[in-house]
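Trainee: Top to bottom, those sequences are chains A and B.
Numbering (this note's numbering) for the first sequence: 1 to 261.
Numbering (this note's numbering) for the second sequence: 1 to 285.
These aren't lab readings, by the way, just hints derived from the structure by calculation.
Computed from a prediction, not measured in an experiment: that's the story for all the values here.
Here a beta-carbon is modelled for each residue, glycine too, at the ideal position from N, C-alpha and C.
Certain hints may be false.
Under the rule of at most 27 Å between Cα atoms (straight-line distance), these lysine-lysine pairs were calculated in the DSS-like manner [unchecked claim]:
#1 A/K213 with A/K72
#2 A/K107 with B/K175
#3 B/K66 with B/K76
#4 B/K258 with A/K72
#5 A/K120 with A/K107
#6 A/K72 with A/K107
#7 B/K76 with B/K258
#8 B/K66 with A/K120
#9 A/K26 with A/K213
Derived, one-sided and incomplete: chain A residues facing chain B with beta-carbon distance under 10 Å [said to hold, decoys possible]:
#10 S37
#11 A49
#12 F94
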Amino acid sequence: MLALDRVGKTYPNGVHALERFSADIKLGEIVAIIGGSGCGKSTLLRAIAGLDRATTGTVTLDDIAITAPHAKIGIIFQEPRLLPWLSVADNIGFGLSELSAAARREKVAQALARVGLTDKANAWPRELSGGQAQRVAIARALVPQPEVLLLDEPFSALDAFTRRDLQDHLLDLWNDTRPTLMLVTHDVDEAVVLADRVLVMRPRPGRLFEEIKVNLARPRDRNSPHFDNFKRRVLTALDRSLDRNVPDADAKSTAGEAMWW
Amino acid sequence: MAMTVELPALERTDSTTPETKVSSARLRRYAGPALGLLLPVGLAVAWEIAVWAGLSNGRLVPPPTKIFATMVELAKSGELSRHIIATLSRVASGFVIGVVAGTLFGAISGYWGLARRLLDPTVQALRAIPSIAWVPLFILWLGIFETSKVALIAVGVFFPVYLGVMGAILSVDRKIVEVGRTFRLSGPAMIRRILLPAVLPAYVVALRVGLGLGWMFVVAAEFMGASEGLGYLLIDGQQLGKPAQIVAAIVIFAILGKTTDWLIELATAPLLRWQDAFGGKGGAA
Ligand SMILES: Nc1ncnc2c1ncn2[C@@H]1O[C@H](COP(=O)(O)OP(=O)(O)O)[C@@H](O)[C@H]1O
Ligand SMILES: [Mg+2]
């Protein structure tokens with residue numbers, strides 16, 4: 001279990017980015033974090049990843065305090081961040097340096113097949129499309145089999161079609177080993193299609209505002225009324241998190257969908 | 001000629017199949033240098049014709065055949081190779097020393113903030129001194145023979161390499177370094193797997209700039225009293241009024257400079273295949 005206990009962060013320049021964020025996340029759970037720009041979502045994820053240290057509170061994974069990057073925690077950023085001097089296959093195998101060459105090759109081959117890029121094994125990262133590059137990044141993060149995978153707006157730089165494709169693909173990969181997923185997103189659709197739980201944050205300082213459980217069976221139908229219902233609830237929560245007190249939440253929320261961030 | 005004219009069209013289609021890619025790459029390998037030779041060869045031929053047609057007597061600017069004859073003459077007596085070896089070995093030792101020192105100090109300054117604050121201001125101040133100004137001091141300290149010459153060349157090579165290495169390390173993308181951190185690379189592994197490959201392109205550029213300065217400074221070094229070397233040939237040609245010998249030495253400088261630069265390029269090209277740069281694709285076709 002991933003336990004966040006009153007995690008807070010004040011940057012050296014005095015910006016109070018995150019305040020007393022608490023949540024317990026079960027193994028295998030998918031949690032989406034959504035909130036206005038600058039409300040501390042990346043700060044939170046970086047603290048969990050051990051890339052930055054929280055100034056207050058603790059992050060613990062299975063009773064181990066996380067203060068530095070940990071083998072059981074992987075992270076995927078908005079940009080694929082592939083190493084341009086390594087082939088696609090070597091990028092995927094980057095985190096497997098402890099393994100023997102043969103074992104590494106086999107794992108990489110499996111991962112390549114799993115993300116459908118076997119034919120790109122020897123390509124350079126520059127030869128990939130944005131969606132392909134992000135799939136390589138996902139494979140690279142998943143191949144060491146982390147218990148927790150953090151994703152910071154992983155699909156927001158992609159076009160709508162590719163994004164949908166990768167959302168489905170991510171769920172598919174998640175199903176293999178069922179790690180915990182913590183996904184920051186700007187996209188209400190994405191949050192509702194993926195998450196068991198949506199955490200809505202509010203800014204200045206960043207903190208948890210509302211939690212919405214999405215108890216919809218998978219695979220989820222993006223066009224069903226239930227789906228719409230959850231989307232509306234998330235949007236309303238978002239509007240309220242930004243202090244937009246709207247009497248007619250329903251009418252405004254559709255406008256808000258494009259406006260809130 | 002026809003080949004060079006067709007080149008841009010071929011380049012544009014080279015992504016279609018692997019075979020055309022290969023053949024076009026091969027074509028480019030020969031056509032590129034051929035294109036570059038066009039201007040100097042054209043000028044040389046034009047000058048030769050001008051002298052031959054009596055438009056100029058070619059005394060102060062000797063025609064190519066005369067220069068060539070001078071080179072052959074020097075080569076036959078074995079003098080040419082003696083001068084070339086002298087100059088080459090000076091450049092080589094100065095280059096090696098400058099590169100080693102520049103890389104070491106550049107890496108230290110780039111990697112450790114404290115070392116940079118300590119070291120960099122001094123290095124930058126020294127860099128502001130025109131390197132030729134060191135010559136009298138070097139001669140006093142190290143004598144007029146090889147040591148002072150090599151030292152001057154090493155100083156010339158040091159600064160661009162130092163600056164290149166330090167700048168390259170400082171500008172390594174933090175985002176890529178974070179990838180290394182998330183995979184918990186140790187310090188040495190971070191250097192080997194992230195920093196070294198990331199700085200390599202800039203390092204190669206720094207080496208080439210350093211080598212260029214090495215060639216520049218060897219001339220200065222050989223002007224200050226040398227009994228052999230291409231720089232000596234220049235001075236000798238001036239004092240004895242032999243312009244053909246001067247131009248011959250200049251031409252040999254150009255050939256050696258270009259060749260050594262090309263060797264660096266050739267040696268490092270396999271390491272830089274991954275680069276996605278404008279220049280890597282032959283520039284604007
Ligand atoms: N390295 C940093 N130093 C100082 N302030 C930062 C730093 N990173 C983020 N911030 C500030 O912290 C706040 C939260 O940032 P961030 O977590 O990136 O927000 P989000 O990801 O939700 O858009 C913002 O006001 C931002 O300006
Ligand atoms: Mg962010």
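Trainee: For each hint, tell me whether it holds in the structure or not.
Mentor: Each hint, compared with the structure:
{"no.": "1", "hint": "A/K213 with A/K72", "in the structure": "holds (26 Å)"}
{"no.": "2", "hint": "A/K107 with B/K175", "in the structure": "holds (25 Å)"}
{"no.": "3", "hint": "B/K66 with B/K76", "in the structure": "holds (15 Å)"}
{"no.": "4", "hint": "B/K258 with A/K72", "in the structure": "violated (53 Å)"}
{"no.": "5", "hint": "A/K120 with A/K107", "in the structure": "holds (15 Å)"}
{"no.": "6", "hint": "A/K72 with A/K107", "in the structure": "holds (17 Å)"}
{"no.": "7", "hint": "B/K76 with B/K258", "in the structure": "holds (24 Å)"}
{"no.": "8", "hint": "B/K66 with A/K120", "in the structure": "violated (58 Å)"}
{"no.": "9", "hint": "A/K26 with A/K213", "in the structure": "holds (14 Å)"}
{"no.": "10", "hint": "S37", "in the structure": "violated (19 Å)"}
{"no.": "11", "hint": "A49", "in the structure": "holds (6 Å)"}
{"no.": "12", "hint": "F94", "in the structure": "holds (6 Å)"}
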